Every structure is written in structure tokens, then in C-alpha cells.
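Trainee: These protein sequence lines are chains A and B, in that order. At position 1 of the first sequence the residue is numbered 1 (my numbering), and the sequence of numbers has no breaks. At position 125 of the second sequence the residue is numbered 206 (my numbering), and the sequence of numbers has no breaks.
In case anyone wonders, no lab produced these hints; they're calculated from the structure. Check the hints yourself; a few may be wrong.
[Stated by the list, open to error] Pulled a few chain A residues facing chain B out of the computed Cβ check, cut under 10 angstroms:
1. Ile-19
2. Ala-46
3. Thr-75
Being a predicted model, the structure only gives us computed values, none of them experimental. Cβ atoms here follow ideal geometry from the backbone N, Cα and C, with glycine treated the same way.
Listed below, chain by chain, are the residues.
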Amino acid sequence: MTRCLRELSAGQRAVIHSIQASGELGRRIRDMGLVPGATLGIVGRAPLRDPVAIRLKDFTLTLRNNEADHIMVKTEEIANG
Amino acid sequence: MAENVTIALAGNPNSGKTTMFNALTGSRQRVGNYPGVTVERKEGSVILNGLHADVVDLPGCYSLTAYSMEELVARKVLVEERPDVVVHVMDATVLERSLYLGVQLLEMGVPVVLALNMMDETKKRGLRINAAKLSKLLGVPVVETVGRTGQGKKELLQEAINHANQRKRQWLPLELSYGPDVDHALLDMTTRINAAGLFTDRQPARWTAIKYIEGDEQVVAEGRKAAPEVSKELEAMVSKLSDHCQKTLNAYPDAIIADYRYGFISALLKQGVLERDSLRERIDITDKVDRVLTHRVFGPLIMLAVLYGMFKLTFTLGEYPMGWLEAGFGLLSDTVGNAMAEGPLRSMLVSGVIDGVGGVMGFVPLILIMFLMVSALEDLGYMARMAYMLDRVFRIFGLHGCSVMPFVISGGIAGGCAVPGIMATRTLKSPKEKLATLLTAPFMTCGAKIPVFVLLVAAFFPENAAMTMFAITMFAWAMALLVSWALRSTLLRGESTPFVMELPPYRLPTLRGVLTHSFERTWAYIRKAGTVILAISILLWAAMTYPELPAERAAGFETMREQAVAETQTMADAEAALEERLVEIDNREAQAALRHSLAGRVGGALEPVSKLAGFDWRTNIALVGGVAAKEVIVSTLGTAYSLGEVEAEEAEPLSERLATDPQWSAITAISLIVFVLLYAPCFVTVVAMAKESSWRWAAFSTIFNTALAFAMATAIYQLGRLLS
């Protein structure tokens, strides 16, 4: 089952399934290394629950929840199972 | 063999590029802006074995797409200035992402040398990188470096020069495969571009084709201008490809290109280039620190403490050098005053030039210290955390997390300066968010407004001084946010820009980096303030001096003096009494002269209007002067209230005088505080605004802020009078 990046909670890991953003946001997301197949983990959220900090490819990236909405992921246990 | 080699340094933000630049070029640096944009341009030179090399520091970017100004500039320099070699400084701990830019450089075809920077950290993190293998697979020189210690910089330089000489400015683009669909279209497009000769003199045809497929607005726009027909054909080819990809692969072509690039990189790394000691990611120090520093509860508290600490430290440390500078200018003004005969030239030099410029230069230590701390926090990686924590709040008001810094620098922690604050809006990508930040940053309690507030608070709220100052700062923030919101929902309406930002790992800033940064910025302040303020000071001095009192009135004061001498001769304490009487007469003359001068007339003419907010003609002069520089307000009030020379920092007698003046009340004081806080930014700020945006917006800010300030002050004064 794929779900939206927003729904993940801190500490959870997942693999990016698809990115539904196009144009400028889509380009930016991909430039920063968010591409299908990349593994990411949720590091934490800002004090007001938004933006979210994620870890991928050995670095930490932040993005807003409404930007995370464009990113579909497969959570690891489901991906494995 | 080329005698002079041009080396461009490219790399991601936080990759240690600037540290490397400093290490390579030492002190031989020039800082400026790229023409037409406000992105910083740094250049330096270095001599190795008798060979002279020019080094250009390209702005930090993650990619060469047309996302940010930095990326556009980096690309433009590569295409138009054609450096002999590009040194790509990579943070080796994030090799995979760093190579994304590297691959794009190779695709462009420029001669590239890879610098694997921060090699010391990769070892600590348990990463093993086979540089020789990487070099062989990509066919470019790879050098291991540690920027902060300077390790490897000689080899890097040598490799860069060798490579430049070897390649002789030849561009050899790397051709990646992007899958059958895209490749096919690329081939067709490249043929078409070559046939038409579109930009083929400056960039590879295939690269132009890729940019068309990526929907790169800049390249497409240029293409349309240069060859509308060809561009139309190319765009049609792209849209056909795009339709096809969406139907068959459910993806846009630019996404496919990015995927293949990352695919190429990960395949590369798997061929023995990168190995990890253990499969599990090590939780490094940064994560542990972040758990506290961005904690839901502690995070904001610590942030407030950091901001407060910066403020505290700036003032505690800044007090001494500020005192020395003031003493220095005082001495200078005394020396000049004593050396010259009385007359307009002396008056202009002492009151206009030395006092005016001295007032602004007095803030240099504060600004330098503040920049030291801001640079240190930036290099440490804390600024990004502040943006991260505050983004949600700022978004409500139509701003971006990155608006935090300009506000803080402008005086969000009281004592900043709007000039560097305005310059700091460069980090904002969206022009609308940038404008909203730029227009509201001058509301902050900058260091020049503080003497004014201190004066009024000391006079009218002595028992709650600290609390009142804090309230003023909070009010400034509230106004900045509310006005941003108002602007963003009217004049500057538009979507918010993405907040896809890296949280760099915490790194101890190098002393040298912090110092270089701070001195650069402080120097910019001195230069701008010095030139503009000098001119304004002289103008203001003239406005407050001319026209002079008519001869008969001046003679009247002279008679009064003679009278005083005659009267006091018979008194007991003759000398002291005479002194007092003479000072009193001098003051009355000064006030009469001021009233008679151009500034006094303007102040008087404004009185009918300004009365609504509770300001009399003397306050008006001070406020008009304050448009030049807010520090002027206190000294002008001093003159206007016939106290003669009042130093901005020793305002006690004036505050006593105001407190006892029947014209003044707590309400007048609040009204004036609000007005000073909000009205037209000082002249140097306006110039800075015009440079960062346009003269139209700078003029808008001057008029709009003054109108808003007047409306608020009037409302407060009238309401206060009704209630009391």
C-alpha cells in the first residue's frame, strides 16, 4: 500500500514511490534528491507540526506538509512484506 | 600553455565551497554583485609555481535548473564567461546528492575537477570513498580535500591548472541516456538545433535540447527570441514527448531526466566508489543536538534565549568600542573646532560632517559584533533551524521561514540595522515574499531608533523602562507581520514558495570564515552609510542653519549678553551666575535661529497637521531629520529644545526637560515612539531597498510607512486624549 509522506510519523522509514508534483516544485523536490526509489526516514517535525524534517541520502531535508502531499511513499514493513 | 587560468568554484550550499575559496585565494579577494542581480560575486587570485590563476566563487546551488537566482547565475557565468576549468567542491559525506550537480556540469561539457571535500568527516561517519575509481569512471580528476585545514588545496589547484591546460577550453559533454523515449526525442532535437545553429557557439546542442525538455523558462525564452521558428518546432517536439511519456509512463519528461541522472549516480557509486562500514545509518551528533534544539517545547525557548543572548552580547561587548569611537569623534570635533576660526565652514565641518558621520560610524562596532554572531550562527547551521521552526508561523502572514533572518538583522532583536537586513532578503527566492519582507523589515527596532526610545522611555516610563522597551520590540514584530499579511493579501498576492530546504549538519564555524564574512558586510555598511550620510548630514546642517537670523535679531541677543555681564558683576557668585545666564541666552538664540531656518519653517508649516498626532514644530524638525538617519532625531530634539549639543547617548537632561514640558505627556511619548518605529526608513535603507528591488518600491515604502505611522500615531494620540 502506498500512502502520502504527510501521514508518516517520526522515526518511520519509507521508500519513495512516486512524486506527483510538476513544474517548479517538482523540479525542486527532485533536485534535492527526492526521486522514486530513494529511502527516507522521518527525523521529526517543527514545533508546530509543520514543516517536517526527513533524512535521505545522508542528509536532512525539510519540507512543508502540503509539499509532502505530493510525495507518495511505501512504508518499509509493507514494502518488505 | 595558457598563462592565466580562470577557475570557477561550484558546489552545493554548505559544501565548504566558501571555506575552500578563502583557503585558495587568501586575502586577495574582491566582492561585488553579479550585474543585474543581487547575488554576491566573489573573485580572488592565486599564484602557484609562477602561474597566475583567477578564482571565481559561483553562488551555491543544488542543480543547474532554473529554480533559484543562484542557479541561473551559476549557469550564466559558465556559459558566458567560459571559465577554463570548474572545480566542483563536494561535501563528500553526501556524495550522492553532490554528484547531481557534478553530473549536470559534466553534461554541460565544461572541464571539471572534483574536490572531495570534508574527507575527514566521511571517515568519522564510516564512509569509504574510492577517489581513484570515481576519477576513472567519470574521466575527470578527483582530489581529496579538507577545506577547513587547507589539506589538499595545493594538489587541487595543480590538478585544476593541469586539467585546464590539457583541455584547452574545449567542452566535452557527457552524454547520459534517459531511456528510449527521451533519447529519441533528444536526438531529433539536437539535429534540429545543430542545423539551425541555435546557441551552438556557446553551449552544446544536446544541453539546449535537455533544457527545452526540462521546460527551462530561461532557455526557452532566449530561444524564442533568437529563433522563433526553431523554438516553436522544438517546443512542439517537447510537448509531443511529454504527452507520450505521460500516457505510457505516467511521468513528465523532466522527472524522467532527474530519475535517470540519479540512476546513473547510484550505479556509479555501486561500482566500488562508495562503501559503508555498516548498513545501519549512524545517528550522528547533529541528530542528537537537533532532538533538543528543535524540540517542540525547548526548541522555541532555546531560540528565544539565543536571540536574547545575541542582543545582550552585542550591547555588552559593543559598549566599549562604541565609547572609544564616540570619544574619538568628540576629540576630532574638538580639535577641528579649536583649530579653525568661528564661521560657517567650521560649523559645517563640526556639526554637519563630523557629528553626522560620527553618529552613524558609532554604530559600526555594534554592527560588526552582530554580524560576527549572525555569521557564526549561519555557519554553525542554526539559522536554517530557525527558519524551520518559524516557517509555519510566518506562512500565516504570507512570509517564508527564510524571512526570519532579515527581520532579526534589521532589529528583530533590538539593535540591528535595516541596511544589512534588507541585503539579507537575498536568501528569499520568491520576489513577492522577498518584497513583503523587505518592505516590513524597517519596522524593526534598529540600533538608531533605540536612543530615541531610551530618551522617551526614560522621560515618561522610568519605572517600567525594560518592560516598555520589550513591548516596543514586540509591537515592531506585530506590525511587521500584520503589514506583511496585508501586503501579501493585496498588492503582493500570490502563492507561497516551496520550503524544500536542507538542514545542514552542525559544524563549528571557522574563525577565518566568520571574520571574513563579518568584515565584508560591515565594510559594505561603512561605505554606504559613509557616503550617503555625509551628503545628508551636510544638507541637514544647511537646512537647520540657513537662512540665518536677521542682523537686528542677532544684535538683540548680543545686547542681552552685554546686559547680563553688567548685571551679574555686582552679584556674589559672579562668574557662575554669568555663565548660567549666558548659556540661557545662547540657548534662546539657538532656538530662535532654528525656528528661523529652513528646517524650522518646514517644521512650523507641518505643525497644523502633525498636531493631530501631538507633535509640535520642534518634534517635526527632528522627525524630518530622522529620515536621513534616525540617530539625528535625538540630537535635533536637543537643539530644538535649546539644550545646544546633546549627544545621542547622553540624553538625560533632555529627557528631564521633556518630562517637565507641559507640551509633552505619556500619550505624546507613545504616539512619537510609534511614529518613529514605523515611519519612512532612513535614507541608507531606502538606497539599499532600491538596489534590492526598485526605486518604485523604495518610494512606496517611504510614503506608505509614513502614512501608516501618522495614522497610527494620530489614532493613539486622539484616543489617549479622549480617555484621559
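Trainee: Would the hint on Thr-75(A) be counted as holding, given a Cβ-Cβ threshold of 10 angstroms to chain B?
Mentor: Given a least distance of 17 angstroms, the restraint on Thr-75(A) is violated.
Trainee: Does the closest beta carbon of chain B sit nearer than 10 angstroms to the beta carbon of Ile-19(A)?
Mentor: holds (7 angstroms)
Trainee: Would you settle whether the hint for Ala-46(A) is holds or violated, based on the nearest Cβ-Cβ distance to chain B being less than 10 angstroms?
Mentor: holds (5 angstroms)
Of the numbered hints stated above, the single one contradicted by the structure is hint 3.
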